[in-house]
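Sequences listed follow chains A and B, in order.
Counting from 1, position 18 in the first sequence corresponds to residue 18 in this note's numbering; the numbering is continuous, with no gaps.
Counting from 1, position 13 in the second sequence corresponds to residue 13 in this note's numbering; the numbering is continuous, with no gaps.
Bear in mind the hints are in silico, worked out from the structure with no lab data behind them.
From the three backbone atoms N, C-alpha and C, an ideal C-beta is built for every residue, glycine too.
Some hints here could point you the wrong way.
As the list claims (entries may be wrong) - Computed footprint of chain B on chain A; a stretch qualifies when at least three of its residues, placed anywhere within it, have a C-beta under 8 Å from a C-beta of chain B: (1) 6-12; (2) 21-29; (3) 56-64; (4) 110-121; (5) 125-137; (6) 154-163; (7) 167-181.
What the hints assert, rightly or not - From the derived model, a few chain A residues whose C-beta atoms are all more than 10 Å from chain B: (8) Gln-15; (9) Thr-84; (10) Lys-88; (11) Ser-93; (12) Ser-140; (13) Asp-145; (14) Glu-184; (15) Pro-189.
2 protein chains.
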Amino acid sequence: MIKKEMGARHYLFPQPAALIGANVHGKPNYLVAAWCGVMQAQPPLIYVALRKERYTLIGIEENGTYSINVPSADIVVETDYCGTVSGKDTDKSKVFTTFYGKLETAPMIKECPANMECRVVDVLDFGGTHKMFIGEIVMSYVTEDVLAGDWPEIKKMDPIIFSTDGTYWRFGYSIGKAYKIGKEYHHRPKG
Amino acid sequence: MIKKEMGARHYLFPQPAALIGANVHGKPNYLVAAWCGVMQAQPPLIYVALRKERYTLIGIEENGTYSINVPSADIVVETDYCGTVSGKDTDKSKVFTTFYGKLETAPMIKECPANMECRVVDVLDFGGTHKMFIGEIVMSYVTEDVLAGDWPEIKKMDPIIFSTDGTYWRFGYSIGKAYKIGKEYHHRPKG
């Protein structure tokens, strides 16, 4: 276990490959982002960090709303496509089927099994390359086919993993339940 | 693709199962957290959201430093164990081999293939259950055995995925390169 110093860089694995939706000048636009995450359950907060020159930013600032959509592996081409072209030059509104929810200005993607519509509650800017939009989740939507009670079944949902080295992955197999498998630690030989 | 309204809840997949390290009263303490993510590349910012009553909080506020450690599937029991007991009642300093870096007060885990030591640059509190600690990454460390150039090889690193339904998973197989597979979109029949 020899450690190598890598400089001040991020090595967080896994990250999501989420599609961020915003209406820019009244038209749906989507981009793919790995830098988003949950911040709080009650009230439910989430964030997305976006490079300041991104076209989507205009829409988020225009409406104070955005969506986070979780794509399946079967739309990885469309997902990545939304990261390779800018809404500035290319109309991405027809790549997916858009629907709207409570906020009316946060476009969401029907083809994605899970969607969260968010109202911006804070914007952070530390003087670097990115702005962080903290959003309160106003309503979430899940495609009925993937649901098992309150939660999507991973194998049906088939979410895309973004790996920090710039590759997309599928989930493999489950290795245990949280707050449960850890109890085995007590029965292990120590030392 | 019939959508079901799920209430204002988070459905972000995947999330990391990161081990957060802090010295509490001079002793290393580790907890497992899924609510962390990258915020910016330059300067490199990352965050972790922690329930306010967590013991680890005391250490982060004491030193203004913490670490984010990425565990492998082979230590999933130890990882989850750190989420099932509190440092208040249980000494978790011997679960892993601790090492320190530049900051000297952010304990890191030798058994984890990737480690980031962070200096707190901001603390957010939206009056809910959690506090968010935004940290600047001061130095990162990767175990040499898992490295292929500048990046860990996923199959060697074998990071743990936290699924929002409370289960841990391993990575499956790669389905493409970011900023590359999306180019296939241009060659697809539309309509």
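To see whether the hints hold, each was checked on the structure:
no., hint, in the structure
1, 6-12, "holds (count 7)"
2, 21-29, "violated (count 0)"
3, 56-64, "violated (count 0)"
4, 110-121, "holds (count 6)"
5, 125-137, "holds (count 8)"
6, 154-163, "holds (count 7)"
7, 167-181, "holds (count 15)"
8, Gln-15, "violated (7 Å)"
9, Thr-84, "violated (4 Å)"
10, Lys-88, "holds (17 Å)"
11, Ser-93, "holds (13 Å)"
12, Ser-140, "violated (4 Å)"
13, Asp-145, "violated (8 Å)"
14, Glu-184, "violated (5 Å)"
15, Pro-189, "holds (12 Å)"
Against the hints set out earlier in the document, violations occur for numbers 2, 3, 8, 9, 12, 13 and 14.
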